[in-house]
Each structure stands twice: as C-alpha cells, then as structure tokens.
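Student: As they're listed, the protein sequences go chains C and W. Reminder that position 440 of the first sequence reads as 440 in UniProt numbering, one-by-one numbering, no gaps. Reminder that position 224 of the second sequence reads as 224 in UniProt numbering, one-by-one numbering, no gaps.
In case anyone wonders, no lab produced these hints; they're calculated from the structure. For glycine and all other residues, C-beta sits at the position ideal for the given N, C-alpha and C. Keep in mind that the hints are not guaranteed to be accurate.
What the hints assert, rightly or not - Taking CB as the label site, the calculated pair distances span:
1) W:Q316 - C:R470: 29 to 35 Å
2) W:T427 - C:N226: 52 to 58 Å
3) C:S328 - W:S419: 24 to 30 Å
4) C:D216 - W:K420: 35 to 41 Å
5) C:D136 - W:L285: 47 to 53 Å
6) W:T427 - C:V125: 26 to 32 Å
7) C:L471 - W:L285: 44 to 50 Å
8) W:W370 - C:L471: 21 to 27 Å
9) W:D207 - C:E436: 56 to 62 Å
10) W:M280 - C:N226: 50 to 56 Å
11) C:M224 - W:S74: 39 to 45 Å
12) C:K61 - W:T427: 38 to 44 Å
13) W:K420 - C:D136: 33 to 39 Å
Unchecked claim - Calculated pairs, DSBU-like style, for lysine-lysine (alpha carbon to alpha carbon, straight line, at most 30 Å):
14) W:K420 - C:K339
15) C:K63 - W:K97
16) W:K428 - C:K161
17) C:K339 - C:K197
18) C:K472 - W:K97
19) W:K420 - C:K461
20) W:K420 - C:K413
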Amino acid sequence: MTQSVVVQVGQCGNQVGCRFWDLALREHADVNKEGIYDEALSSFFRNVDTRSGGDGPDIYKGKICSLKARALLIDMEEGVVNEILQGPLRDVFDSKQLITDVSGSGNNWAVGHKLYGSQYQENIVEKLRKAAEHCDCLQCFFIIHSMGGGTGSGLGTFVLKLLEDEFPEVYRFVTSVYPSGEDDVITSPYNSVLAMKELNEHADCVLPIENESLFDIVNKIHQMANSGKLGSTVKRNSLVTSSAGSAKTAQEKPFDAMNNILANLLLNLTSSARFEGSLNMDLNEISMNLVPFPRLHYLVSSLTPLYTLADVNVPSRRLDQMFSDAFSRDHQLIQADPKHSIYLACALLVRGNVQVSDLRRNIERLKPSLHFVSWNQEGWKTGLCSVPPVGHSHSLLALANNTCVKPTFIELKDRFMKLYKKKAHLHHYLHVDGMEQSCFSEAISSLSDLIEEYNELDATKGGPRTDPSRLKIAV
Amino acid sequence: MSIVTVQLGQCGNQIGHEVFNTICSDVRNTHGLCSKKENESYRDACKERFFCEEQSEVPVARAVLIDMEPKVISQTLSMAARSGYWKYDDGSHFCQKQGSGNNWANGYSVHGPRHKEAIMDLVQKEAEKCDRLGGFFTIMSMAGGTGSGLGAFVTQCLRDAFPTSFLLNHVIWPYSTGEVIVQNYNSVLTLSHLYKSADALLVHENDVVHKICAQLMNIKQISFRDINQVIAHQLGSVFQPAYTAEGGLCYSRNPLGDLMETLVPHPEFKMLGLRNIPQMPENSLAYSTFSWPGLIKHLRQMLIANAKMEEGIDWQVQPPRLGSSIPSSHSINKPLHFNTSIANLVILRGKDMHSIDLGSFQDPSLYTSWLNPKDAFHSWKTLRAFNKYEKSASLVSNSQFLLKPLDNIVGKAWNMFASKAYIHQYTKFSIEEEDFLDSFTALEQVISSYTSL
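So that you can see chain W by itself, here it is in the shape it has in the complex:
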C-alpha cells in the first residue's frame, strides 16, 4: 500500500525533500548487510510505499507540495531533480504568490477555502496513482501561517474526503525561545484542530533535534538543513519497510495502519514522540559498534526518564515497584519524573537479531493500568540495515513525552491571550476569541488526560 505525503509550508517542503532523499539513498545503499534477496524485497516494499515508477527513468515521489509563496517549492523541486536519483511529479505542486504572513487565521480561513478545490484535486490525482492507498502523511510546522493554518484546514479536508484512510500528521514544534512571536497562538490553534481530524500526531521539537546536532553529531554551525536531515533519518527509521509480525514472511504492507493500530488505542491520546539511537556523525560510523542489549537498555531508560537523546540520560529514574496496590490515584505513587506510557513501538534494524530480548519493554509498570501490557507493546524488525547504521533502534511512543512541552506552549499562549495581544490580527480573518477559547479548552483536556495516566 502506498502513502501519499503532503508537504505544507516552508518547513514541510524542506523536510519532505530530505525525507525522500534519505529514503532513496538508503534504498540505493548496497550496505544492507543482508542477503541480496532481502535487499531487493526491501527495495520493492519501499518503492511501493513512497515512489511511483510509471513512465520516467527515476522514481517519482508520491507527494503533493503546497505553499502559499513560490520560492521554497521551486527550490525543492529543482534540488530533487538535480539529484538524478528521484524527483517530484512536475504537476503535483500548488503555490500562490503571497504567503500567509505567519497568520494561522489567514492560512485556515482565507487560503484554505479559497484553494480547497485545487489542492484536493492534486491530492486526488496522487491518490489515484496508488494501486492501494495506505493513507496520508502530512508534514508541517505549527509556528508559521501556511503549514499550521492551511495545514489544519487541509487535514480536515483529507479527513472529510477520505474518511476511512489513515491520516498521520508530522508536526514540527518550534524552538521555545521563539522563531515566530505568535507561534504559541498558531500552535494552540493547530494542535486543537489536528486533534479532531488526524489519527495521530508525530512530533519533532526543534530544540531537541538541535541538541542532537550539537552534542551527538558534532556539527559546529548548525543549519536548518542539518536539523532536517536528522529528522529525515528518524522518520526513515520508522517508515522504511519492516516485519511487523513475528516470523512474518514479507514486509508489512500497511505501515500507517499498523502504526495506528499499535499506538493509538484511544482517541483521546494521539501524541506520539520519536526517539532513535544511535545518532552520530557519518564519519564515525565505521569506528563504532553497538550491541543490541546495550541499545535496548538505553532506549528503555530514555523512555522511562523522558530523555531526549542518548547522552545525559537520568539513570536514577525507575518504574514504581509493582505489587503495591493499584488505587485509582496510583499516579501519586510514581516517582515524579517517571514517564508513563500508553503504548510503545520499538523498531530494530540491523544484523544479529537473534540475541534480542525485549522483555524489559513489556514490564507492566511502564504502562498505564487500563491496558494489558501485551497489547501495549509491539516490535518490528528487519535484518536490513538502515542508512549506513549497522544497528539502529527506534522508539515511537504514545506516552507523557510531550506533556511538558505541550503544557509550556499552552501556558505561554494563555499568558499572551490574557493580555489580548495580537488578537486583532486573527479577528481580521474571522478567528474570534471564542475560537481561541475552544482551542485552549481542547488542549487543556489533552493535558489533563495525559497527566492522569
């Protein structure tokens, strides 16, 4: 089944481009460290998911590029074509002349309805090219105007037009010290709307990825390109083909569906965080070896202690002792920094799989009480190494990972809202104070649900 990617706004298009780049170069990579047959199988599965090979010499990405101003899209299209290994369909983009001005209301109430038909036509065309549509993957930031506002509108339209398809939104959270002054407003409005239409929200925070670039990748002058490449690597590690069932004979054909099934058991809990280890500069790869037990131990502790990367993990944090009674307010018994999960998915790529024991992830104390741990934890595997990493382990987690960042954003937005600053910029485009209040209420609800885990 194929995934149609919708790239929205400057951020969405820049990241989308890196994602396809990473996936394509991974597939072309002959260091799969596995049998030729395995490699071919992997390549075919990947191609089916992300590329369409009709009449052109190079694979054509299954993507729709949307932006309200032309500069980024034309750059993205030409960079892809220049690579010579893949490209975008020349007709699959939509842009206008004037951007959204960082104004969510402009993106949602003005550009959305105005361009709905044209955009949905493009999406429909792309969807029809798929033999079987596996769902939609949208990439956007929530700080700006187009990715956030228009993105929220398009997500709604996708949900209306394709009610039974899976819909995963990849959302970039801006630096907390600000890239855009009204980013907290835009974020609150975006998240509350996406929560209604999407199946799940997969989140990357700029602050976190920046730290990874600085401390793990040793990049001195970090550019957005570096950040986007790390994000692309992490996304690739989730979406490249893997075996979902134990002893499965072929690569899973329904990646989005599998993801939703394993991670989103309840519609109130849709926030997914992503961790991937190891991460290191490319030229260090040849000199490093890892063991699966080591990687798994680190990943588990990163989950429990809510660590953002594999350095600086707090090893003191431990799950509460089981055996104590489980009263309804049992969350009080948990140590303060402990990260409770609803569901977790571990994806392992690389050689020597036989020695792997994932029992530690099935420990019931990691999870909230109303799910059976057997249902809460899943793992996917493949022998085929990913993106030159001999071993790579990813964790997609529906847990309290994002609780604190979300709370911060809502807090700051509320603070600004209390002074009514900038509200006139939104009411200009028919987003009223009431709409803000609705969004705040919706997100406080989400915060409350995750807190009470």
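Isolated chain C, as found in the complex:
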C-alpha cells in the first residue's frame, strides 16, 4: 500500500485541504468500524502514540491511537492556518507540519515564488523529507492551491519545483483553482500565467478547477434540495457538497460547500488505491494512461451523482443517468464542454456496487456522442472500487484529457495580455529580487505553446481518417 502526502498552500489551498481531511476522516470512520489502523488509513494518516505528550513514534498496526495527517500546511499569513488549529481538526495536524509567516504575499506571485521561496526553501525541504520518511512507500504528492493569488500561486509552484528536484520518482498531482473573469484580484492573470509555466514544466497531472463551475453546482444542488418536488427528497449525507456527519459543527461558510466538492474529488481519485475492487486503478496508472504527451497533462474532472434521492428508484436507470451526467457540461469542474471537443483520453473510476457489465454498457452507449482523437479511438481507462463514498451507493469520477481546456487557457492569456500590453502593475513584480521581464515573456510563451498544441489536436477533428500503413513483412 502506498502513501500520499498533501501539501496545501495559501488560503484557498488550506481551506480546501481542511475540508479534505475532514471528509477523509468521515469516510474512513464509515468503513473502518473496528478502529484498527489499517492499510487504507495509512495512505493518508499516520498512527502516533501521543500519550507521552508531543510526537511519539509511529505505530504501524493495531488500534488507532492518534491519527496525524500526512500533510504540510503552508501559508504566508497566519489567519487561515490558525483557524484550522483552533478548530475540531487541531489534533490531526502535527505542529511541526506547518510553515507560516505573518504578512502574506500581497497577491503577488513574485513575492510568493522568489522571495518566500528562497527564504523558506530549507525549511520546506526539511519538512517534506520528514513527511517522506514517515512513509513506507511514498507514491504521490498532492498540491492544493489557487492560481490567482500570491502564496498559493507563487510559493505553491515553488514547492512543486522543489518536489521535482528532491523527489523525482514521486508523482506530483496538482489541484489548481483558476480565477474567474470577475476575480477581484486585479493581478490574477499575471499570477496565473506565471504559475502555469511552472505547472507545464514540473507537474505530472493538473486538475484545473474553476470557482464558477463549483458555484453553479452548489446552486443546482441547493435548488434540488429545496425544491420540494414530490419524490425528490434528497438523502441526508449524500450531497457531494455536504459535511454532514463530519467534525465540523460550526456554521458552514460560503466556500465550504464548494470546497467539499474538491475534497470529494481527491477522495474519489485515491479511492481505488486505498480500497479493494475488482479492477484497481492506482495513481500511477492515472498518469500513465491519461498523459499521452508530457505537456498535455491537464485533466478535466467531473463527479456524479451530486446527490442521491431518498426514494428507491429503478437502480439501473439511475446508474446510467450517473454516467450520462459525467459527460454533461454542467457537471464539469471547469467551464468547459467536453462533448464538443476532442478527447485524448478518458478515465472512469466507479465506486460502489457497479459491475463491469454496467461499465461496458454505458461506454458503448456514450461512445458515439464523443469525439476521440484518431489514434486513440477507444481511449478508455476504467477502474472499479467496491467501497462507495459516504451516503451514496455508487459514484463516478470522470477524468478527461480533452481539448476543452483550451478556452480556459486562451481566456487567461487574453486577460494577461490586456494588462501586460499596458505594463500595468508590473513594477510590483519587477521590484522583487530575482524577478525579471524575461520571466513574463517566458511564461506567456509557454502558455502560447501549450495552446498551440491543443490547436493542432483540434484541427484533426472531423478530418478524414487515414490510418498509417502497416509494416510489410517479406513472405
């Protein structure tokens, strides 16, 4: 069994991370009734004997003593992390796993990346090493951050680079929240594009998320839950946005529902690695199957169902609906429509009581309406995990490497250019030691190249399919 370490950077990263740990505990509590520290738990948690005060030695078997998250919390201002440490999750985090500062990064990527990066480099490396040492077999680092600010974006990508240097064999999955058009941070396009270059070069897989999509999904669920339609009582606990049953008892904050979706995404992604199933899908398989070319590693994700109705419906219709929804525009976690773009590859990870025949039936059913690139006409990766998420009887996570991410990047580039042409706010960045004009031009060129690669793939859509001729053997 392998372990993963979560690195949460910045306000967004830490808030999402907090929801993730909360839900992870809830999920394991649901499955692990006997309180034994098992392999599944060990993928995200350490079992520590804290009776002697402070950090005791790790316990690898037997009853759960005190669970500590395999996490690193980084923020350049204290507010968010402090809140976590005073909340119900305080015991889950080891005090030595935190790196904080006071003044924040001022929404400035350069401050996060160059200034704090060099200042905290040693500290970060040391803490990462410590976390890695506690792992028997470390497979993956998950980085959670946002792209638009200063810390998550700048320092977060600095950590990404460090991870590649220090732990080249370990996979780097990044969950990045992209800013929307109406973002209140004016310099978010700069921050995002500068961060994109790092993501292009150092990440194994990136799951881009847009707040707008999360917001729409939350609204949809809210409408459904409160619509009072006959026969549509939503089962408690089953909302993909809810934290019902988890440790959090205080008032739910506005971003909580949205962050819960992200937390569920990460849980579902790792479910097959933690729990058993008839067709396992490990994290290294995701990277292997969904990344045909090194730079095209941006995966559009969708989670279904968003909720489970309380009344018992015809099971297989519900199941098929779950598959259909996974490909619909409103279930994607970024503003994109995969059905009208080209799929390079697609992965379906099903949890719960679903068998291979259900999977096959739905793939056959949905295939005709999707466009796959010519050299990967049957590009499906499937996984079956027998343990469903809390509150559901089954669920589906769809990850698609699809050219529909292109519009998001093009928009980003446009917003960047609007500011850059006028050299607006540039001086804030160039002030920082180590930051030069070339950083900007390199970043935008990296993004342009990426967009170009997607353009080339889009150009193949609908064209005549000429298969390359096979090797001829002399008889």
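Position chain W against the provided structure of chain C, taking the given hints into account.
Tutor: Same frame as chain C, but now just chain W:
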C-alpha cells in the same frame, strides 16, 4: 507429473484462484457419473498435478502468486483459506507496495530485474516440491503493467532457468473497447516477448467470455468474478485428467507435454484458442441433455466458422471441396470466413462414450496442407464427468481463431505509435522506439504466417 502455476498481476491472481476453486470442487464432486475406482483415479491424478498434500489438512495449491501491490494477493490468499477445501502455501507469494502503473516497461525493465531473485527462489521452491515437474502454467493479462511486463520478464527467466520444461502462458486479452488506454502497446510488447520464450500461448478474450456470460449463462449484471469463473471452467476442462491414448489404462501424466506435442508442431505457430460446450447456468443443468454427435457437430462448425460460442454459429461456412488441385496459393480457393487449422485437440468428458465418431474432425480440408491430418488431430477422453456437466466437450485449436483479434490489436497499436502518443512513458523506463518496432515486426510475422495457412 505436476504443474506449477504462476499467477501474475491482479488478473492472473483472480483467475488463478477461480481455477483452483473449480478444479477442487470438481474433484470433490461425487457426481462423477462413473465408477468409484474411476473417480478415485481421477482424483489422485488431479491432486498430483495441481496440489501438494504434505503436512496440512487441506490440499495446498502448487502455485506462486506475484503482484507488485498487496491488495489482490491478500484477498486471494484469504478467500482460498476461507473455503476450507484448499489453500495456497503461506510462503509462496511475492508482492511489493506499489504497482506497475499499467506500464509494461515498468514491469519488464524495473520490477523484473529488481525482483528476479526473490521470484525465482519462490518458483524453485515450488518446483522442488514436485516429485516430477511437468512444466509451468502462467496466468496473466496483457493489458496492464505487472501481468504483462513483469509476466514477460518472468516467462523469460523461467525459460532460462528451466530450459527443458514445458511453458504454457495463459493470456487474457482485454475488452477491445478498452480497459486501459495503453493496452494495445502493452499487448504488442507482451505477445512478441512471450512468443520467444513460451512453448504456447493459450488465449481467452474478455469480449468473448463476456458474451458467453450474457447470452448463455444469462447473467444480468456481469462481474469480473462471473467472467473468471467461466474461464476457470474452460481451463479446468482442458487440464483435468483425461486419457490421451486410445485404450489407455491410466490417466495421462504429462498434460502440458501432451498438449504441446499435439498442438505445436512448428515454433512459428503458438497461438491456441479454446472453446468449450455446453455452457449454461448451473440451475439449468438438470433439465438439459445432450448427445455426443450433436455436441461434436456444433464444435466442428464452431471451429470452421470461427464461432466464439455455441449460439449464432454460421452454418453456411463449409470447408472447400477436396479434389481441386492444391497449388501453392490454395488459400485463395477457400471461402473467406473459413478457419484453417494447424492442429486440433478435442477433449470429451462424460458418459456414453461408445457412440462417438470424430471422423469429421479428421477431414483433411480443415487443415493446412503441410501436415498429415492424422498428425494434426488428437482426442482425449474420460468417462468421468466434469464440473456437474453430464457431457462436456472442449476444443483446443491452433488455427486462425486469433488472427483477426491479433490483427486488430496490432493495427490499433501501430496507429497510436505513429503519433508517438505515450511513448515518453515507456522511454522513461528504457523501452525505446526500436523495441517497439522489433515487437511490431515480430507480430506482423506471426500474422503473416497465420494468414498464409
């Protein structure tokens, strides 16, 4: 002689478990429909082949379980032990913590050499437990990373360490609509390597078995367990004891050797397909009766028309008329869908054997011209019924059965290779484009050989 089974990867271990389950429950079954003496003889022969009975109360399967991650093996071991009727040796498994990531190169170039010693030690131990080693039977899928990549490496090692032992690879071909995106690459690499080391490749295709489950077994929500049970039944029907010689006095003691001898006359032709009839849900068994002539007729037509199961057989396909001259390009004269064979083996299990006439299988027009039909066809029999089926007939065929599926896989892989997609994932672990080209060349050769039959 005993067979050592090597279960590789998730698929190999899940199937291996079902195979031992099926064999064990067949042997315990008292509905052998034959004399007590016959039953005992069957049971002893089976035990010698697959189980070792040393110091434990239950038979211990002669198997080595290999996987790069622990979940499946621990499940397999505990399920077997829970059955109470047989189990695996507690020491005969090898696993690591992190899987191969569906990457053939990872399985072959990294895990293989790294763990070669440990794995071969286990195999050696298992081999030494046998009074006489009859050969190795490996079970793997070719779509993933461990079964395929590590499996290819282990097969090579087995060949090197046991140069005179028989080596049969049971290979599972994935669903053609994809379980793993890089499955075609992994398949091409696996098949080309196995072809060099193994004596023969016995193939099951997931698509075919799935259809059997859906249409013949009437299973509504088909799970991998259902699929594996059908595969286990078919394998059992081949490997359970049978009399290989006409009027033989005892069960054959060299199943793998006999198989190779009858079916693989030429090293260029190693692909074996398997058909078994009848297949039906267990609760229908009591209400069905079959006649041998009927079963044989169906089996023969399944062979000729390349039918995957006993429903939907194309009865229009007939062998070409003999008597026409046999020019070197005589394959043109054959109707397009006709399946030419190199060698065939029919295995019959059940009562009323005296009425059986297998002459139709000896028709020379079924076979390629360069073999004498007398050498190309063999049959094995036993009165002892198998797995609750009153009559059961299996066909193991070295023919063009797998030509089309193989061609499809190579075609798709080539298509992907032309765009260089995913290649960086393989070069990361030292499998270069050249290695791919070598594999493609090897398989095109196999395709060409089978096509020109």
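Student: Are the hints correct? Go through all of them and say.
Tutor: Structure-based check of all given hints:
no.	hint	result
1	W:Q316 - C:R470: 29 to 35 Å	30 Å, holds
2	W:T427 - C:N226: 52 to 58 Å	54 Å, holds
3	C:S328 - W:S419: 24 to 30 Å	29 Å, holds
4	C:D216 - W:K420: 35 to 41 Å	38 Å, holds
5	C:D136 - W:L285: 47 to 53 Å	49 Å, holds
6	W:T427 - C:V125: 26 to 32 Å	29 Å, holds
7	C:L471 - W:L285: 44 to 50 Å	48 Å, holds
8	W:W370 - C:L471: 21 to 27 Å	25 Å, holds
9	W:D207 - C:E436: 56 to 62 Å	58 Å, holds
10	W:M280 - C:N226: 50 to 56 Å	52 Å, holds
11	C:M224 - W:S74: 39 to 45 Å	41 Å, holds
12	C:K61 - W:T427: 38 to 44 Å	40 Å, holds
13	W:K420 - C:D136: 33 to 39 Å	36 Å, holds
14	W:K420 - C:K339	25 Å, holds
15	C:K63 - W:K97	22 Å, holds
16	W:K428 - C:K161	19 Å, holds
17	C:K339 - C:K197	27 Å, holds
18	C:K472 - W:K97	43 Å, violated
19	W:K420 - C:K461	18 Å, holds
20	W:K420 - C:K413	28 Å, holds
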